[in-house]
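Asks: Sequence:
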Amino acid sequence: MTNIIWITIESTRADHTSLHGYDRDTTPNLRRIADLDTSRSFSQCMSHGIWTRSSIASLLTGTWPSRHRAGMDSERIPASLKTVPELLSAEGYHTAAISPNANLSSATDLNRGFDDFVWLDKSTILDEVSKTTILKNLVNIRTHGGGVTSDTRRHNTGYMMEEMAKRRLRSFTNSNEPFFLYLHFGDPHHPYYPPLPTLKREANRLSLTPKEAGELALHHHSHIDELIAQGCPYTEGEWRTLTALYDGVIEYADRLVGELFDYTTALNLDDTIVVITADHGESFGEQGLLGHRIGVHDGLIHVPLVIYGSEEALNYEGDMIQHIDVMQTLLKEIGSDISQFQGIDLSTEIRTHTITQRGARRCQKLLDIYRDRNPEFDVARYHPGTLTVIRTAEFKYLKGDNSSKLIRLPDENTDVTAHYDGVTQRLDKKLTRWLESDGTPITESESVDGAFTEAMREQLTDLGYFVD
4 MTNIIWITIE
14 STRADHTSLH
24 GYDRDTTPNL
34 RRIADLDTSR
44 SFSQCMSHGI
54 WTRSSIASLL
64 TGTWPSRHRA
74 GMDSERIPAS
84 LKTVPELLSA
94 EGYHTAAISP
104 NANLSSATDL
114 NRGFDDFVWL
124 DKSTILDEVS
134 KTTILKNLVN
144 IRTHGGGVTS
154 DTRRHNTGYM
164 MEEMAKRRLR
174 SFTNSNEPFF
184 LYLHFGDPHH
194 PYYPPLPTLK
204 REANRLSLTP
214 KEAGELALHH
224 HSHIDELIAQ
234 GCPYTEGEWR
244 TLTALYDGVI
254 EYADRLVGEL
264 FDYTTALNLD
274 DTIVVITADH
284 GESFGEQGLL
294 GHRIGVHDGL
304 IHVPLVIYGS
314 EEALNYEGDM
324 IQHIDVMQTL
334 LKEIGSDISQ
344 FQGIDLSTEI
354 RTHTITQRGA
364 RRCQKLLDIY
374 RDRNPEFDVA
384 RYHPGTLTVI
394 RTAEFKYLKG
404 DNSSKLIRLP
414 DENTDVTAHY
424 DGVTQRLDKK
434 LTRWLESDGT
444 PITESESVDG
454 AFTEAMREQL
464 TDLGYFVD
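In terms of my numbering, the sequence shown opens at residue 4 and continues consecutively.
Take the hints with a grain of salt, since some may be wrong.
Said to hold, decoys possible - Straight line, CA to CA, 20 angstroms or less: simulated PhoX-like cross-link-like pairs of lysine-lysine:
(1) 433 to 402
(2) 125 to 139
(3) 408 to 432
(4) 169 to 139
No lab work stands behind these hints: they were computed from the structure.
Owing to the predicted nature of the structure, the values given are computational and were not obtained by experimental measurement.
Work out the full structure, taking the sequences as your base and the hints as a guide.
Replies: Pasting the structure below:
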């Protein structure tokens, strides 16, 4: 049976990769893998949500955000939904995952079904990471991290994840069971602090000291909500620095993914499919926003997608695609139960539009913060409440609780509703039908709080997720 390796690179927008015409070669390994005869890159992959919890919950349940509700108005997936590892385990798969983000952990129930699940955090490293890997990480701390410092914001987890993944791959070669390995590389998440050699290179290119560049990244990370509230008051030079450092951590993640891909192929693991993508993108001032807070701009929802080893992906006649389509197609080919899945079958269907959703709960908390810090902050601009976006190749229709907007791509600032009445009506009708069918919650029960430990809360707070 087919092995599956699914690699998610955190916070990576498509237009900052080498696959989508970017003027810097940030992802030469993704480009190299995509160029293989048995691979394909998709130029129109849109995320299901705008942050990790909702996006990965969709990926691992095959359902839309408003269906599973995690990251929308609930903190964990409902017990009535099966997870991908549960479904694959029923088919005889060994399942494993490594996540450095508590949004993908036991707290959100997204660890359910994995035979081997590691939540990677400073509080779990000694228990979850081998002494050899820890020692190798310390030896290479200037190559893979911010040098000798106790400030964890300056360090990356990617090297340890790569070593842990290699160890699991080696163990799979000694088993007759097929496997599903999910890896979540978290380093491109802000504060955009690349390994020391890259930090020095980018700082030198921008005529800055590494300290100056690094301090800007850390300030951006620590004050992101205040900066949004005040209208993103950066100079052109500061924007260049932030995006250069962001590119640097993407480049680092790409290097690790390339090494891991080569390691996998060298093991001669027959019949293995590798999927490489991102959970969402990142905002750099578009529509007055930073990070991945409340926006639905393409910079935040358009993500890279490379699939290696799948005939169905190679033969897919479309280019518009979402993660649940890929997962549904893979599980169908295995013979797994896909009755709860809401994607399309890449072997028989072509997607004509994508759906992305943003929940009201987190958005409202953030909007309240912005308004408290700046009473003149334009809350209405961001469609308070639940927001659902239907996107075609040419248009994007945003439908909120009490507002709507039509934009014609690539201009995402101008409302063209009055100029395209027919398009507006057609997309509104399509989206309304969707919200009344596929978009309905699987359960109407009260929202469920996540089972976050103190260490998980601390990690998420450090990442900027908890806002209350």
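Asks: State the violated hints by number, sorted upward, taking the hints as numbered earlier in the document.
Replies: Checked against the structure, no hint fails, so every one of them is satisfied.
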